[in-house]
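Starting from the structure of chain V, add chain W where the hints point.
Number of protein chains: 2
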Amino acid sequence: MNAAVLTIGDELLQGFTIDTNSSWLGTTLLPYNIRIRKKLTVGDNLNDIISEAQNILDDKYDYLFVTGGLGPTHDDITKEAFRQLLNDELIFDENYYNQLIHHFEKRAIKIPNSNRSQAMLLKTADVLPNKNGTALGMHLLFKDTHIFIMPGVPGEMREMVKNHILPNYINKTPTENIITIRTAGIMESHLAEKVTVLMEKYSKSFRFAFLPHFSGVSFRINRVDKNENLLKIKDEFFQAMKPYAYGINNDTLEEVLGLKLINNNFTIATAESCTGGLIGKRLTDIAGSSEYFLGSVTAYSNQLKTSLLDVPNDIINTHGAVSEETAMEMAKGVRDKTRADIGISTTGISGPGGGTKTKPVGLVYIGVVTPENSMVKKYNFSYGRNIHREMTTTAALNIARLAIEQN
Amino acid sequence: MNAAVLTIGDELLQGFTIDTNSSWLGTTLLPYNIRIRKKLTVGDNLNDIISEAQNILDDKYDYLFVTGGLGPTHDDITKEAFRQLLNDELIFDENYYNQLIHHFEKRAIKIPNSNRSQAMLLKTADVLPNKNGTALGMHLLFKDTHIFIMPGVPGEMREMVKNHILPNYINKTPTENIITIRTAGIMESHLAEKVTVLMEKYSKSFRFAFLPHFSGVSFRINRVDKNENLLKIKDEFFQAMKPYAYGINNDTLEEVLGLKLINNNFTIATAESCTGGLIGKRLTDIAGSSEYFLGSVTAYSNQLKTSLLDVPNDIINTHGAVSEETAMEMAKGVRDKTRADIGISTTGISGPGGGTKTKPVGLVYIGVVTPENSMVKKYNFSYGRNIHREMTTTAALNIARLAIEQN
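From first to last, the protein sequence lines are chains V and W. Here the first sequence is numbered in the working numbering, starting from 1 and rising by one per residue. Here the second sequence is numbered in the working numbering, starting from 1 and rising by one per residue.
Keep in mind that the hints were calculated from the coordinates and are not lab data. All of these numbers come straight from a predicted model, not from anything done at the bench. Don't take every hint at face value.
A pair counts as met if it fits within one copy or between any two copies, since identical chains are not told apart.
Below 25 Å or equal to it, Euclidean Cα-Cα: the simulated DSS-like pairs (lysine-lysine) are [to be verified]:
1. K260 with K162
2. K204 with K359
3. K60 with K123
4. K226 with K204
5. K106 with K143
6. K234 with K359
7. K201 with K377
Looking at chain V on its own, in the form it has when it is part of the complex (with noise of 0.2 Å):
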């Protein structure tokens, strides 16, 4: 089943708002075996609106999604270059109308005349009703190309496709043919050749793809023979990229570092410099967190290292802030105050100044003290500020997750 898409705005256009509805639409549709073949983007604009959904229309896609222009300041656009375009007619919905003055008066505000124009509705369309906002959505058939119409908002578009598109109008099991390995600590190349064997062996039925990121690199599997079993497969390149595959899909290190300290009934805090609160930032990302995450210390200046964290004033003057000394002391510091399980630190430069000679802008120490282990390790992640913070913040809490499955 081939599907376009079609999304209004100038907003879009301009670059103000980046269009993620076309990419959620992709990956969403995927498992019910509808690929978009084809992704626009037009402004708020009567006649380029026509011309581009009849382009659409004559070639005959099986489904064709539109997002924006149903609000209640665009004077409604999207609706009235379909009526032109389908010949239809626009019809006021009494019924609704009454709904949207009740929505106003709960909340003491008067309905804006504006949104008067939200209760008119294609006469041919079927309504999709929406959970979130006030514009409602619209199912029409032309020749064989259903038209889904929805409003631009994330929220209110993606709630409407799962609850009313995807049940009533496409009406399949959905089957998942891609799954996404997640792994951490190792590079793309040295991940290829853990697998290369499995990878020829399954080249037949089975796409590959390694995708790398700065958080770690994914390895896509995409099943073409749908006699196959997707998730034995899963299982084999799991296995193979133990101990760096840590989950599938979404997963993330903080979940699942989190479910480990859990398991293990772990506590755990952090002392920062470098990543500046942020390995605390994901840590309490997670509903919950709360079980295992005490707390966490950034101690950006060196009095802040002594003073809450007990590293003594010589190894500072000794070895310096940034150094496996000060990363190991800062960790077992923040353990002893905490009395947590387990305690992280991260001490680097992230640049853009503060480099030298022997100690570049990039280079970190990343310390991790469990009950049983202790160790300090060494990077080096030039890439510009931002990105070195996110970097040392996922190899630390990938190392703790690592230190837990060794203890």
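Just chain W, lined up with the frame of chain V:
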């Protein structure tokens, strides 16, 4: 001047990669009076590329920007498509191939055979050098349409536009017609009240838009009449939006706060609970923040609020960890411990769990203590865990900014 953007790649259609190139092009070209009228994405499919590019050329745009499909693994499908479409010829650039070999040698890698294709160029094209990668760009003139073919990697594409296309092919002085004022700490409707009179006064020569985000409301000023003075009008609106207006265009609160701290020779430290380190992270996003940021303590557990921040036990027992009193003690505590001039604190319930009838999910207290003032503000941001944390962080940075202004 009208432009179209054609982005190429299965990854974009399937949604595994979000297209940020076209929005970057949108905002970058706007000051050059080049308006993108149409954005189009197709997959790595020769026929699709040819037929869609043909449509665009038929429509006689002034510019066509093409990105993607130039990598060595993509079989150079973009070049082949334009070769067929323009009835051109692909020629091998010996000189560039030698540069490529040298590039790989420097990295002690044998050049993969596939990279040979990257030295194939369209005969009628002039070359756009690529400082950040191995795929060259190309410029072609077809009838009156300038075609720019560029790599899909954002860093490579942006460099090519900024350093080659704008100076050599567009060759105009950019005129900014759009300026955005950033505000924080005020709702859209209240901000609107403050500038109703000004908006009416300038409604003939300017267009205005309110853009609400979780992080604050932006106000966009779009000059329609070229004879008007954009900066003067911006200043008038900025003045009317004080003290909520904190910057323009891409200014961030953490930058503006950082400058205020430097100008006042102040240092800052944070005591975080529900924000988990995010305030420290955002403050240290700014290069050079070690000038004023001393450090932060994230005390997620009550024990750490007492042991690390000296919050008296009976304050927590009497008023609770999420209370005005605890927020105040946390801000004072971190200020004393770190000897910073300014202490900020947050304590709240980000959810999804942890709420009670009297202290619901979303409740948060933000404390700020300066040499002259101390205050705690109470908010209820009930929009889900991550947005709660972002909004709390933004509010805290903004309160600190206002506290310094009042100092």
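Hints, one by one, checked against the model:
no.: 1; hint: K260 with K162; verdict: neither (32 Å within a copy, 47 Å between copies)
no.: 2; hint: K204 with K359; verdict: neither (49 Å within a copy, 58 Å between copies)
no.: 3; hint: K60 with K123; verdict: within (22 Å within a copy, 36 Å between copies)
no.: 4; hint: K226 with K204; verdict: within (12 Å within a copy, 62 Å between copies)
no.: 5; hint: K106 with K143; verdict: neither (42 Å within a copy, 59 Å between copies)
no.: 6; hint: K234 with K359; verdict: neither (42 Å within a copy, 45 Å between copies)
no.: 7; hint: K201 with K377; verdict: neither (36 Å within a copy, 62 Å between copies)
Hints 1, 2, 5, 6 and 7 from the list above are not met by this structure, while the remaining hints are.
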